[in-house]
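Undergrad: Sequence:
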Amino acid sequence: MKHILELAIQYKSYLILGTKITIIVSFAAIILGFFMGLWLAIIRVGDNKPLRWLANVYVEFIRGTPVLVQIAMVYYGLPLAGIHFPDIMVFDVKMNRLSCGIIALALNSAAYICEIIRGGILSIDKGQTEAALSLGFTKFNIMRLFILPHALKNMLPSLGNEFVVMIKTSSQVSVMGLADLMYVADLIRGNSFQAFTPLVIIAVIYLIITTGMSMVMRKLESMLRAVG
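Sequential numbering of the sequence shown, starting at 1, is according to UniProt numbering.
For the record, the hints were derived by calculation from the structure and aren't laboratory data. Don't be surprised by glycine CBs; every beta carbon is placed ideally from N, CA and C. Heads up, a few of these hints could be off.
As the list claims (entries may be wrong) - Here are the simulated distance ranges between beta carbons:
1) S123 x K2: 33 to 43 Å
2) V204 x T138: 27 to 37 Å
3) A195 x K219: 50 to 60 Å
4) I208 x Q10: 17 to 27 Å
5) N48 x R189: 42 to 52 Å
6) H150 x I9: 46 to 56 Å
7) M89 x D47: 38 to 48 Å
8) I23 x K49: 35 to 45 Å
9) W39 x V204: 35 to 45 Å
10) L187 x L122: 40 to 50 Å
11) T211 x F91: 18 to 28 Å
12) K2 x I208: 15 to 25 Å
As the list claims (entries may be wrong) - DSSO-like cross-link-like pairs, simulated, lysine-lysine; straight-line CA separation at most 27 Å:
13) K20 x K219
14) K126 x K49
15) K153 x K126
Whole structure, please, built from the sequences with the hints as guidance.
TA: Structure representation (structure tokens):
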């Protein structure tokens, strides 16, 4: 234990940077992925067959391919598509790597969040929709005012789990040279010639982050249950 603490103190600046980048990438991807997933879910339960087909293809592609492949496709594919990010430093890392990491993880998370939200929407009794339609509400307002608020209570545990999974999945962006916790562990290994101890340190940090996220989601769930 003493040896682990000494190594953590010695490389604390690296670990702080890695923790900061992991949190930024994870939470940015979660927020972006949530809104993308919400949009996809609404399309998948909608009446537009071409859009529904495209959404289905997207979800199946993301769920059926490794996240590392998706990250590589975004990292190398965006420049080929003419999309370039400024070669400047943001949060002590290159903006192009940070942006590609967030986009890739958001695209991945969106597919899974889409399925969670779609399941929540379908769990709502159709009688609510029929009653709202009879009162003159549009389908958009029915979804916004009735379906989604009620479905959120059913979705929250699964969404919380997906958010935790995304924090752990963010370790994959290290393959782009983005200085997250996994990348930092590799740097420490190269400098200290110790392979196992840096992994123990970042595992503890990941555990703290994911536990904090789980506690927040459980608190939010209990608050929503109390509201009724």
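Undergrad: Next, verify each hint and record whether it holds.
TA: Hints, verified against the model:
In this structure, S123 and K2 break the distance hint of 33 to 43 Å, their C-beta atoms being roughly 52 Å apart. Under the hint 27 to 37 Å, the C-beta atoms of V204 and T138, about 51 Å apart, miss the expected range. Range check, A195 to K219: about 38 Å between beta-carbon atoms, so the 50 to 60 Å window is missed. For I208 and Q10, the hinted distance range of 17 to 27 Å is satisfied, since their beta carbons lie about 20 Å from each other.
For N48 and R189, the hinted distance range of 42 to 52 Å is satisfied, since their beta carbons lie about 51 Å from each other. Roughly 50 Å separates the CB atoms of H150 and I9, a value that falls within the hinted 46 to 56 Å. For the hinted restraint 38 to 48 Å between M89 and D47, the CB-CB distance of approximately 47 Å keeps it satisfied. Taken as a hint, the range 35 to 45 Å holds for the pair I23 and K49, whose Cβ atoms sit roughly 40 Å apart.
Between W39 and V204 the beta carbons are some 36 Å apart, a value that agrees with the proposed interval 35 to 45 Å. Separated by about 46 Å at the C-beta atoms, L187 and L122 satisfy the suggested range of 40 to 50 Å. Under the hint 18 to 28 Å, the C-beta atoms of T211 and F91, about 24 Å apart, fit the expected range. At about 20 Å, the CB distance of K2 to I208 agrees with the hint of 15 to 25 Å.
The hinted pair formed by K20 and K219 meets the criterion: a straight-line CA distance of about 24 Å does not exceed 27 Å. Among the hinted pairs, K126 with K49 is consistent with the structure: their alpha-carbon atoms are about 20 Å apart, no more than 27 Å. Proposed proximity of K153 and K126 is supported: the alpha carbons are some 17 Å apart, at most 27 Å.
Of the numbered hints stated above, those contradicted by the structure are hints 1, 2, 3, listed in ascending order.
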